[in-house]
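Asks: Residues per chain, in single letters:
Protein chains: 2
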Amino acid sequence: MNNFQFHNPTRIIFGKGTSDSIGEWTAKYGKTVLLVYGGGSIKSSGLYDRALTQLEAAGVKVHELAGIEPNPRLTTVKRGIELCRAQGVDFILAIGGGSVIDAAKAIAAGVPYKGDVWDFFTNQARIQEALPLGTVLTLAATGSEMNGNTVVSNWEEKLKRGAGSPLLNPVFSILDPVLTYSVPRNQTVYGSVDIMSHVFEQYFSLTPDTPLQERLCESILQTVIENVELALDNPEHYEARANLMWCGTMALNGGLISVGVRNDWASHGIEHEISAIYDIPHGGGLAVVFPNWMKYVHKERIDRFVQYAERVWGIKTEGKSQEEAALAGIQATREFFTRIGAEARLADFGIGSDQLERMAEEAVRYGPIGSFKVLAKDDVKAILELSL
Amino acid sequence: MNNFQFHNPTRIIFGKGTSDSIGEWTAKYGKTVLLVYGGGSIKSSGLYDRALTQLEAAGVKVHELAGIEPNPRLTTVKRGIELCRAQGVDFILAIGGGSVIDAAKAIAAGVPYKGDVWDFFTNQARIQEALPLGTVLTLAATGSEMNGNTVVSNWEEKLKRGAGSPLLNPVFSILDPVLTYSVPRNQTVYGSVDIMSHVFEQYFSLTPDTPLQERLCESILQTVIENVELALDNPEHYEARANLMWCGTMALNGGLISVGVRNDWASHGIEHEISAIYDIPHGGGLAVVFPNWMKYVHKERIDRFVQYAERVWGIKTEGKSQEEAALAGIQATREFFTRIGAEARLADFGIGSDQLERMAEEAVRYGPIGSFKVLAKDDVKAILELSL
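If you read the sequences in order, they're chains G and X. Here the first sequence stands for residues 1 to 388, numbered as in the working numbering. Here the second sequence stands for residues 1 to 388, numbered as in the working numbering.
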């Protein structure tokens with residue numbers, strides 16, 4: 001186990017009916033609020049009206065930034081920053097999934113910053129101040145509701161980049177699983193792939209002697225695997241929705257499940273390059289890339305892949321070589337993603353080989369990526385080729 | 001899963017050498033500090049001198065409260081409160097195990113309170129203000145380093161009671177596993193029993209549909225079981241000490257592993273009555289009581305005990321009745337505690353039946369205890385009789 005610091009002050013308010021406390025919690029922190037949300041789903045579900053009623057009753061003044069994109073765009077973030085400055089906003093309330101929350105975080109960091117907010121995403125500047133923010137989560141996926149990370153797309157330059165700071169941890173996040181009843185089938189699938197992928201990035205590591213962290217990772221993977229199909233078969237299955245939601249948060253809340261463990265994050269880097277160009281759903285891209293990353297890197301520490309096959313998928317390893325056991329676990333991953341309805345190949349998104357070179361190049365723009373196996377441009381290209 | 005709130009702002013600074021940052025972290029929060037510690041072990045290990053040197057270098061003024069008892073006493077807490085008031089202390093630094101930290105918390109709550117600090121332990125008053133505190137942990141056991149709970153003994157009245165508030169969460173806790181190299185063998189044993197017992201209190205629950213929480217509990221139990229003997233055989237086994245230390249914190253950091261799960265805590269209540277009268281080590285008392293509590297209550301939800309036998313102890317349940325499987329898991333617990341050197345019977349502490357009635361009565365002083373099975377006075381007495 002490596003040395004680590006862990007600090008996560010986000011307050012979680014979890015459970016059925018907690019979305020009735022949006023006004024109450026917001027009023028504890030803000031008087032003039034920017035309400036950030038995405039498309040029309042919070043309007044059609046009635047959540048928008050409920051939130052506004054509560055905020056008004058709590059005496060909070062509300063300005064709005066609607067239309068956050070699934071891969072939130074820098075231009076939208078900048079509009080939010082201007083709005084906050086013009087209106088004297090003192091708190092940001094994000095209602096939505098990871099994209100909406102990420103946009104809200106980028107706005108929170110940008111408001112007090114004199115330069116271009118994109119500086120934070122290109123390692124030109126560090127976040128040293130931010131508006132406080134709160135969230136109401138409507139999709140189990142990114143964990144953004146309990147960490148300080150944000151990912152934004154610069155559509156003009158076809159770049160998708162991350163930034164982060166403890167200052168961007170939401171002060172509160174309201175997690176009402178009922179709000180996810182209306183999440184479309186494919187978003188439930190992609191969200192679940194995203195959760196599992198976050199765990200993979202932390203689980204496949206070369207750091208020795210981390211038994212608790214490994215088991216925590218396996219706990220989340222097993223729970224997601226057990227619950228996705230329950231939620232797909234019956235979208236109003238409260239317990240399945242609640243379990244997925246809490247798994248999503250636990251999978252990426254400041255690295256709790258992987259403290260002292262060197263993480264990888266190469267697959268996310270590769271996927272970001274795909275969706276930066278093709279604007280495909282993040283979870284869809286991950287479902288394509290991850291099993292191929294696994295195939296490409298598994299020999300680096302095959303015992304971890306054997307453990308994964310055994311403990312997560314219950315694969316009997318007796319009589320199998322390590323290689324056979326490892327590949328069986330990878331195959332089980334691929335089959336599970338396919339069974340729940342995620343894409344298996346880039347071709348399923350209509351993506352061919354013409355931009356492979358560029359994606360590989362961009363993925364290593366700041367140097368090789370990953371740590372389980374350090375990937376140079378050719379490695380990334382090879383994984384993308386496996387994914388075609 | 002039940003609704004829940006989770007909020008744990010304690011910052012963890014974990015790893016080899018982190019005890020070199022005591023001065024630096026303390027100076028961020030306090031100018032005039034009360035240093036709280038126990039017996040001579042931090043002096044003989046050199047930690048005391050190192051801490052004082054660091055605090056002086058950091059420009060912190062230090063007052064001391066030494067001699068915190070293993071079951072910290074109200075009289076000592078009151079001395080600490082007076083000292084803080086007289087010296088204008090603005091921060092409390094606890095260096096030690098759970099008892100030292102618990103005493104520091106009680107002092108932190110008592111300083112700004114006009115009444116008797118014991119009021120907080122008898123439900124006469126609620127903690128509404130507290131001095132901030134930090135900790136340097138020297139024993140893997142109670143989890144007090146990352147929660148807001150404290151347990152204090154009123155020796156005159158032979159009462160041991162708990163109190164708690166989010167205000168008592170340490171602002172930082174330094175966890176350097178190297179500091180636990182010198183922990184005596186029996187304290188390593190009792191600390192490990194304590195960690196496992198904390199998990200039991202959260203794992204044996206009637207709350208349905210909590211798969212992630214159950215897996216997290218099992219993860220900690222398995223990791224403790226794998227590491228205790230490594231640490232006993234080789235007290236300077238860094239990884240074993242690190243794993244035990246992190247398990248201790250994760251087992252009781254504000255209920256993270258059991259959010260949305262109704263906890264039990266009856267066994268702790270029973271043990272508190274034993275050690276209130278006989279001043280035995282908390283972990284020793286728990287090692288005696290818990291397997292007997294398990295025997296007494298397991299029929300309430302036998303499937304949880306079967307799952308425990310299977311997942312934690314790897315007991316093959318095929319061909320066994322549920323009752324046989326459950327009892328095999330309980331037996332494995334008993335045997336493990338005995339194998340690592342914990343006591344199995346009250347008689348091992350020289351405790352007979354003469355105070356059983358009184359202990360049973362005190363345990364239910366504020367009403368029946370537990371939730372897995374709600375225990376009245378006669379139930380408590382029966383468990384104590386099984387423990388003789």
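Because the hints were derived from the structure by calculation, they are not lab data. For clarity, every value in this text was computed on a predicted model and none was experimentally measured. Heads up, the beta-carbon is just placed ideally off N, CA and C, and yes, glycines get one too. Worth double-checking, as some hints may not be accurate.
Okay, the calculated beta carbon distance ranges per label pair [stated by the list, open to error]:
#1 G:Asn-2 with X:Glu-129: 35 to 43 Å
#2 X:Gly-319 with G:Gln-5: 32 to 40 Å
#3 G:Tyr-181 with X:Ser-21: 43 to 51 Å
#4 G:Lys-16 with X:Gly-115: 32 to 40 Å
#5 G:Gln-5 with X:Glu-239: 52 to 60 Å
#6 X:Glu-24 with G:Asn-2: 13 to 21 Å
#7 X:Tyr-181 with G:Glu-156: 54 to 62 Å
#8 X:Glu-239 with G:Tyr-278: 41 to 49 Å
#9 X:Glu-323 with G:Glu-236: 33 to 41 Å
Asks: Please name the hints from earlier in the document that this structure breaks, with their numbers sorted from lowest to highest.
Replies: 2, 5
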